[in-house]
Every structure is written in C-alpha cells, then in structure tokens.
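The chain contents come next:
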Amino acid sequence: MSKAEELQIETDDITDGVVLRPIGEIDLSCAAMLRQRLSQIQDSQPARLVIDLSAVPYMDSSGVATLVEAMQIARRTGSKLILCALQDKVRSIFEIARLDMVFAIVDTVDDAAAL
Amino acid sequence: MSKAEELQIETDDITDGVVLRPIGEIDLSCAAMLRQRLSQIQDSQPARLVIDLSAVPYMDSSGVATLVEAMQIARRTGSKLILCALQDKVRSIFEIARLDMVFAIVDTVDDAAAL
Amino acid sequence: MADTSTEPEVKLQMFSQPRLLAAVRALVGTIAQRLGFNEMQCGQISLAVDEALCNVITHGYDRRDDGRLWISFWALDGDPSGLKIVIEDQAAQIDPSEIQPRDLDDIRPGGLGVHIIREVMDDVQYERRPEQGMRLTMIKHLRPVDDARRPDTSRQERVEQ
Amino acid sequence: MADTSTEPEVKLQMFSQPRLLAAVRALVGTIAQRLGFNEMQCGQISLAVDEALCNVITHGYDRRDDGRLWISFWALDGDPSGLKIVIEDQAAQIDPSEIQPRDLDDIRPGGLGVHIIREVMDDVQYERRPEQGMRLTMIKHLRPVDDARRPDTSRQERVEQ
Ligand SMILES: Nc1ncnc2c1ncn2[C@@H]1O[C@H](COP(=O)(O)OP(=O)(O)O)[C@@H](O)[C@H]1O
Ligand SMILES: Nc1ncnc2c1ncn2[C@@H]1O[C@H](COP(=O)(O)OP(=O)(O)O)[C@@H](O)[C@H]1O
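Protein chains in written order, with this note's numbering: chain H, 143 to 257; chain U, 143 to 257; chain Y, 5 to 165; chain P, 5 to 165.
Check each hint, because a few of them may be wrong.
[As the list claims (entries may be wrong)] Quick list of simulated restraints, FRET-style, between CB atoms:
1) Y:126 - P:70: 25 to 31 Å
2) Y:72 - H:257: 53 to 59 Å
3) Y:70 - P:129: 24 to 30 Å
4) U:233 - Y:148: 20 to 26 Å
5) Y:134 - U:257: 53 to 59 Å
6) H:222 - Y:147: 44 to 50 Å
[Claimed, not checked] Taking lysine-lysine and the PhoX-like style, the derived pairs with C-alpha atoms no more than 25 Å apart in a straight line are:
7) Y:15 - P:88
8) P:88 - H:231
9) P:15 - P:88
10) Y:15 - Y:88
11) Y:88 - P:15
12) Y:15 - P:15
13) U:231 - Y:88
Treat the hints as calculated values from the structure; they're not laboratory data.
Every value quoted in this text rests on a predicted model; they were computed, and no experiment measured them.
Note that the Cβ used here is the ideal one computed from N, Cα and C, for glycine as well.
Start from the sequences and build out the full structure, keeping to the hints where you can.
Written as structure tokens, this is what we have:
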C-alpha cells in the first residue's frame, strides 16, 4: 500500500538533553526511520535522551532492537537513555525479552528528567 | 470460530417501561439474538422502550433492520421506542439509510425517559 | 474499471460465516487507514464490505456456512489514489441488474445493504464470474475525483465570454 | 500437532511487505478475541505472528517485497480450545534446527523474534514444505493445558504411600 510510513516523531529540548516522542505503532515498516532519527540525535551527544513512549500503542522486536542499539550507543558515549510512559502491550514485549530490567524505565517524562 | 455470540444485552426497568442496553458490535452474527430479546420485551407491551446504544461501537444493516422492525411493532402497539447515545459510526449508518429522521433519537437515557 | 490483471496485495479466503465478519472489518479498516483514509471513511469502507459479505452469505449462499468467498485488495496509485476491493463467491449466479437498492421511503426492515454499498463507494460493479459465482468490484478514492477532469462549468463560462 | 488436513476457516495471502503488518495484526487480534482470548493475549498472539512474518520477510525473502506468503487460521475445539496459525512461504529452505532463540543475557539488537514466538505460543514447529519454502505451525490454547493430563506428582506420591 503506497502510503508513507505512519510513524510520526516529535522532539523537545530539555535542560540537559532531548525528549523524543514517537507517535504510532512501531514495527518493521518504520523501525528504520526511528533508528535514523535516534542516531541523528545521538550524534549531537546529548547528556540525556528521554524516549517518551506514551503514544506508542504497539512495538515489535524491530522497535526493541532499535532501542537496544540506541542504549548501547548511549553507554559508549556516556549519556543517559531513559524510556518512559510505556503502555501495557509495549511493556509486555520488554518483559518477554527480559529487557525491563536492562533499560531505565520510568512512568513520566518528569521522572525521566529528574533521574 | 466456535465462540458464542459476543453481544451482551443488559436491561433496566424504568417508571413506564424498559431500557435495553446492548454491549458490543451488532452485525449479522448477533442481530437475531437482539431481535429475539427485543420481541420478548415488546411482548410485554411496555409504554416506553429505550434502546441505549452508548456501548455499541458498530452496527451494520442487519442491526438497523432489527431496530426498524421493533419500531414497527412499537407503532402498532402504541408504545414509544426511543434510541439514545449513538456513537458517530452508528449514527453514520442511520444517516446513510436516511433513518435518522424516522427514529426518535436523543443524546442520553435521561432525555429518552423525559421524551 | 481499474486494471484487475495484477495480483492483489492482500487476498483473504473465508467461509460464509457471520462470526468472521468482525475480523474482516478489522482487516479492511486497517488497510484503508494505511492508505490515508480518515477514521470515518475507514469505518464506512468496512461497513460496505460487511454489507457485501452479508449479501453473499444470505442471498448467494442462502445462509449456508460452508460457502467459500474471497476478498482481494489493491492499492490504487494515480490522482486521486484509492483502494479497490473485489469480493468473489461460488454461489448461484443472478442477473447483476437484479441487485438494486430499494426505495428508502418505503420504510421496512432490510433492503439497505446495496444502498449503503453504493453510497459509500465511488464505483460499484456486480458481474457474473466466467467460471461460477458472482464478483463485486468496489472502488473508493481518497478524495473526490478532481473537478478539473469533469466538465467545468465555471471555466466554460469564462471561455464563452 | 493438530489435524491440518481440514481447510482453514480463514486464509490470507499477502506479499512480503512490512507495510502490511498492521493489517495482519488487526485481523489476528480480532480472530483471537472472538475465540475468547483476553486483550493481553490477543496482543501477544498478534505480536508472535508479526515476529514470524518479519522473519519470513527479512531472512526468508532477504527483504525482497515480492515474495508471497500465506497465513491460515483454525479454531481448535477440545478442552482447552484454542487457535492454530500456520505461516507458509516460498522462500529458501533452511534446516528447522537452525531457527533458535538466542541467549537473552547477551544483550544486543535483534535476535528476539524466535524467543517471543516460543514464549507466547504453546506449540511452535518449523518445517520444510514438501513443495518449496518453510512452514511454521503455532498453537495457542485458551487456558493452560489441564494439569490432570500431565504426570501428576502429588497423586503419584499418594499412590506410592
Ligand atoms: N451477493 C448477492 N447475491 C444475490 N443477490 C443479491 C446479492 N446482493 C444483493 N442481492 C439482491 O439485491 C437485493 C437488495 O439487497 P440489499 O439492499 O442488501 O437488501 P437485503 O439484503 O436486506 O434484501 C437483495 O434482496 C437480493 O435480491
Ligand atoms: N522464517 C525464517 N527463515 C529463515 N531463517 C529464519 C526464519 N526465522 C528465523 N530464522 C533464523 O533464526 C534466527 C533467529 O531469529 P530471531 O530470533 O527472530 O532474531 P533475528 O531475526 O533478529 O535474527 C535468525 O537470525 C535466522 O537465522
């Protein structure tokens, strides 16, 4: 079907970094776009990168892989990567993949800014 | 798929009649069940029959046909039949079928009780 | 009618069972959404497909639940782009001209399906399949077909002046 | 494995295109819901199918978008009842034993799909199709299979006493 990817991505500057807010379902059809946007932001080496997942009702393992890669880059460059506001279905895939203890996951963007 | 019909139907007695509240999508798979329930209630000739559609996110023409039949029975027996709380998609099919002016349609159960 | 010779992007085979309608609606709604139709349009396209399937089940297969039917989807390029949906069955063949919407002023239960299909979709065509059964082809464009392509009265007036 | 000889109630044919995944999830979720699975289970079953399709697209068809694949659904009667889903392709055949979940302690991007499929579904079986391509058969029961049917240690202890 010829429509462009349906994922939208908003960003917001915060004191010591960036909040990235994807809007829509994240699957193989748009994971590459998320990956590109993340690497763009990580090139500028923000001290803190908050990924607000409140508007992501669904994510498959291609989305998770993208976030794992971003976390590895963050660790290498010594910046903080924090996930926040996971919906139940999205939390479920992190649990199945046993990554819920590997990522810093908090409830709100404010929590993430304070962490 | 072997599961029983998914439509649930609640009823409530009001001063001069009955409020019937279907819960779920109404299509060909469950219209017969709604029809049976309506005719059961109409057998007891309530002065007022309020059909609360607030929990019906979808209806196809088999649902509409069932309601048209109930309205005809109501007219014959001199009772009031009132639809209330239609969701947008359900209102849309009444408009396409040009039945939005044929039925008494109000916003809330309270409005229906007062009509 | 658009070119049907290419293979559909998605094709669903199912039995003539009302309990499968909800799953088909979910599929249709999501395909339409992906193509850029708004929520109300997606709901109406799903409704049109639901009505067409109900007719195949009740009239074509006389409510038997072991009839086979197929729903095929094509994304249409072009301006405006759109969605083509074809429903095929192996039921009794009837004269397509007999499939007509009824007069809506005659208020009675039933008789709304064909009216809804024609109202929602931009192009609706029933035909006999060469082998057996019926085929219904429905097209919905993303926007109304551009007025520029129709006889444009305002421009004609300018030309005449 | 359950009887695959009967025709599926629903069968979807599609191309190996990621943009079709959302529509398949909607279909799968609604079929599962109708069979009585709860919302979380429906989401997980859709996820398992999504992961399996991603694998066919990326590994089987090497991200080509013109590969064909089929998804078939059977409602399983019996106690507990359930859903059987079969995914078939025409892609390169590989040894089913090579399709393995990886060690989750090795945290790296990718390598989660097979783990998710096995975690979500009760029975997962890869095989080569006789003609060409691969077949994945997945079964999910509505409730855990009754303990009474498994060797019951507590009862054995009683017998031994
Ligand atoms: N798929 C079909 N096969 C055979 N006849 C059909 C089919 N679809 C519609 N028809 C005919 O067209 C008439 C109008 O259909 P419709 O508007 O859906 O109303 P209803 O189904 O309630 O009669 C039907 O009564 C039937 O005679
Ligand atoms: N449909 C398939 N066809 C061929 N190989 C597959 C298929 N599914 C899985 N595999 C193999 O199993 C491995 C593990 O798959 P998975 O857990 O989904 O992780 P990933 O796809 O990220 O590598 C893949 O790397 C691939 O080698």
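Please name the hints from earlier in the document that this structure breaks, with their numbers sorted from lowest to highest.
none
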